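Student: For the protein sequence lines, the chains are P, C and B, in the order given. Quick note: the first sequence uses my numbering, first residue 11, plus one each step. Quick note: the second sequence uses my numbering, first residue 5, plus one each step. Quick note: the third sequence uses my numbering, first residue -2, plus one each step.
Source of the hints: derived by calculation from the structure; they are not laboratory data. The structure presented is a predicted model; accordingly, all values stated were derived computationally and were not measured. Even glycine gets a Cβ: it sits at the ideal position worked out from N, Cα and C. Among the clues, some could well be false.
Said to hold, decoys possible - For each label pair, taking beta carbons as the anchor points, the in silico distance ranges come out as:
| hint | chain 1 | residue 1 | chain 2 | residue 2 | range |
| --- | --- | --- | --- | --- | --- |
| 1 | C | E143 | B | A308 | 53 to 61 Å |
| 2 | B | T313 | C | A153 | 40 to 48 Å |
| 3 | C | R127 | B | A290 | 32 to 40 Å |
| 4 | C | P291 | B | Y161 | 15 to 23 Å |
| 5 | P | Y110 | C | R278 | 50 to 58 Å |
| 6 | B | K159 | C | A259 | 43 to 51 Å |
| 7 | C | S64 | B | L328 | 37 to 45 Å |
| 8 | P | V132 | C | S64 | 48 to 56 Å |
| 9 | P | N111 | C | G156 | 38 to 46 Å |
Spelled out from the first residue to the last, the chains are:
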Amino acid sequence: MKRLLRDRSALFGLVIIVVLVLCAIFAGVLAPFPQDVTTYHLPRRLLGPNAVNYFGTDRMGADIFSRLLFGARLTILIAVIATSAAVLIGVPIGLVAGYYNNRFSDLLMRVSDVFLAVPQIVLAIAIAQTLGPAIQNVILALSITYWPFWARLVYAETRSVRNEVFIEAAVALGASPLRVMVLHVLPSIASSVIVRTTIGLGGTILVAAALGFLGLGPPPPTPEWGRMVAESREFLPQAWWYAAAPGLAILLVVMGFNLLGDGLRDALDPRLSRGNDGP
Amino acid sequence: MGALSSRTVEVMSPLLELQDVHTHFPLRDAWGRRTGWLRAVDGVSISVARGEVLGIVGESGCGKTTIGKTIAGIHRPSAGNILFDGHDISRLSPREGRVFRRGLQYCYQDPGASLDPHWRIGRSLAEPLVIHARLSAAERQIRVQNILAAVGLPEGHLSLYPHEISGGQQRRVGLARILMVQPGLVVLDEPTSGLDVSVQAIVLRLFLDLRERFGLTYLFISHDLAVVRLMAQRIAVMYLGRVVELGATEQIFTAPRHPYTQSLLASVPVAGGRRVSTDFVLEGEPPNPANKPTGCAFRTRCKRAEARCAEEEPLLRRLAGGLQVACHFAN
Amino acid sequence: MGPDLLAVRDVSVSFSTESGTAFVLDEVSLTLRRGEIMGLVGESGCGKTTLARTILGALPPNARVRGTAVMFEDRDLLTIDPGEAADEIRGRAITFVPQDPYSAFNPLFTVGDQIFELLRWKSPDRQPLEAGYSRARRQTDRDRALTLLRLVQLPDPERLLKKYPHELSGGQRQRLMIAMALLPEPRLVIADEPTTALDVTIQAQILMLLRKLAVERRVSVLLTTHDLGTAWEICDRVTVMYAGQAMETAPIDAFFHAPALPYTQLLLDSLPSGEAPLRGIPGDVPNLVAAPAGCRFHPRCPRATQICGAARPLSTQPRPGHWVRCHHGLLR
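Please take these sequences and the hints and turn them into a complete structure.
Tutor: Next comes the structure, spelled out in structure tokens:
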């Protein structure tokens, strides 16, 4: 933990994420125009950043800053649910496949390979397109395309940990495979999973924004960041703030998760050293 | 007899019996086809009596580690039977084996490595009981505390992680864990290898102490002849998968009959005593275990080898005096 | 024996680590004469490998070396020009036989390639590099290589030159390592636990070989080992170290039969033998970041008194050629 806090870029990432979460929770309080999520004021459309509208207004006259804050809720919701689903599917699959290393494992890994062979965005687009633009479909598309990353990671890590002495010893002691997998292997690979999940959250946000940009996300007037960027296209380059604000938000948040993930990787690796016999 | 193992050996049916055990590993080429067999254990028949310490010595490639792991169930024997307390445990499924194997534990060369680094020591120690016994948490706690005291560690260690204690203490914890299920036989695989000599002495004392206290039987596998001489009552000398000599410790050390044993003993330096390097005789290297010579495996390095040695494999024969030797010329 | 070949005087080495500065060597002094084989014995953490590397000049970058001098022949290795050190000393006047012969070789090149490369850079004839690699030169090198391979009793040297390191056994690799250490015609060979990784029957062969060659070629050997039996086999004198301090130096017989240092006696008593009851040395080797003051062994020494923790004992010579740093030596 301490090592993490010493890492400045990781700290920066953490701060960004904390800000994001706070914005999401307190959007109602922080937003100067909370009603602008649904209402519009055409006379005020496409105003540049000013004292009243910090990031200007969009084509419907709604305050971009307020919409961003509410969009943060959406972002977090999508990211957390989609990533959690992917983790809950991918980790057990990887664990079982890595532990047993037989034909069944090969099958599982081939299945995940199939998913990995297709670029994630393309697959997500295909799924979202088929199901229609709605928030739950975005989440579903993301979960389905994302779980193989965890499966592959956990598979590789499990296979390497499998040969460690303490695992073999637990097996020799008479521990059942389930016990070994959940109580011994999983804690050992936890740090990799945590790092991957952190970075994965960032990735999910990016793909969700891409889907929104393409119109496959939740329909208007939901203040989804990607959609906001898409809407701004026809008003560029004059109304630069329209694209810059949500774009910057996406950039910062994804970067934040990546920095935090990198920092976690550095902090958690090397892992606990064993013994202090001296040189 | 081992100088310090003074417990009398009970005369009953042997606790562990190996009947012509073979453990062969397939050798595969780059395409996964089998090109031959690595005959790591190639026909071993020995028995271990209740309460005794049987030493198994030999150099790398002789099969002593493989035989230890085969007995412990980590490898499956390709042929032959292993009888533990009268039950044949050689071909049981993992679940069936678990029940019988409770009494037969395997101690790694570094017992500290057998501890999960993410678990506190108290939890690691209690785990064998959680798996095998039906005890309440309080009862487990008592047993754990007793064992911890038996290996000479303070109670405070229960809440520590393995990396927070020294290597020597980790070793003791690893040992304690094996003893939790109250085994009858413990396979000790190179328990003092790599240890400083001052630490080694303490560890050996601990083994003897625990044996007294818990009535354990040991299979002591080591390449260090001086240590085995101290600990074992009987010794089996292995070469390329077979036992070439078997008998009481002092007999083997003072009057070995097999040429390999003689060379082996002659090659061990005795600090302060006679020097090996002035008149050592054994030349060449042990042959590749994947490519064993026909007949007697030692004939390629043996000064007394004759034509007969290539044709006929010598079997272990009992000589007058009790020693068993596998050589055509020992009598 | 001849005059001093190597004289280490009051050398201290520290490493900066995450948990603080580790004082790995503390005012170590050592002398080695021409043609003698000195054993450097000690348990884990005693600093014998660090001392070997200090002499060789092969310490990691986070090491700080302080000391009066490390005199090799007439040069001080502590103040020598790094270029000269790399060219003249390391791999030429002083060579190294490592503990693990496998990782010392490049697995992608044949044995012959690696020997010839060594000869290009460190040939005893000192050909300038610009002279090119003529046929005549290649022939001389080849002859030289084959002679040396035969000297270390490696079978079929011509075929061996074409083999890869992984095709040799551990014993063969170690013989090869010794051959390569002798190729540049060094004056000092430092062997770091050369037989630890080998089986006992091969160990005996290698030790015999090492001694024979060292005596024949009048090469001094500094042999580090944690195994007292190995030291007994081939060393002329032995120095024992503990936790970074050199504590006793004695001729071999005196070391094993009449040591002056209590620690040495305890070590000898720990050796498994039929007679004496098993004794160890209770306690643990100290953490070198926070090592005990004075004599570092004093917390575990049965003869320790107040002065032992207060001040480091000075070196005394209870018998000719027998040095010890102890307030309560066993010899009077």
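Student: Taking the hints in turn, state whether each one holds.
Tutor: Outcome of the hint check:
Roughly 54 Å separates the CB atoms of E143 of chain C and A308 of chain B, a value that falls within the hinted 53 to 61 Å. In this structure, T313 of chain B and A153 of chain C meet the distance hint of 40 to 48 Å, their C-beta atoms being roughly 44 Å apart. Taken as a hint, the range 32 to 40 Å holds for the pair R127 of chain C and A290 of chain B, whose Cβ atoms sit roughly 39 Å apart. Checking the proposed 15 to 23 Å range against P291 of chain C and Y161 of chain B shows it holds: the Cβ atoms sit about 20 Å from each other.
The supplied range of 50 to 58 Å is met by Y110 of chain P and R278 of chain C, whose beta-carbon atoms lie about 55 Å from each other. Checked against the given bound of 43 to 51 Å, the beta carbons of K159 of chain B and A259 of chain C, roughly 46 Å apart, stay inside it. Separated by about 41 Å at the C-beta atoms, S64 of chain C and L328 of chain B satisfy the suggested range of 37 to 45 Å. For the hinted restraint 48 to 56 Å between V132 of chain P and S64 of chain C, the CB-CB distance of approximately 55 Å keeps it satisfied.
Checked against the hint of 38 to 46 Å, the C-beta distance between N111 of chain P and G156 of chain C comes to roughly 40 Å, which is consistent with it.
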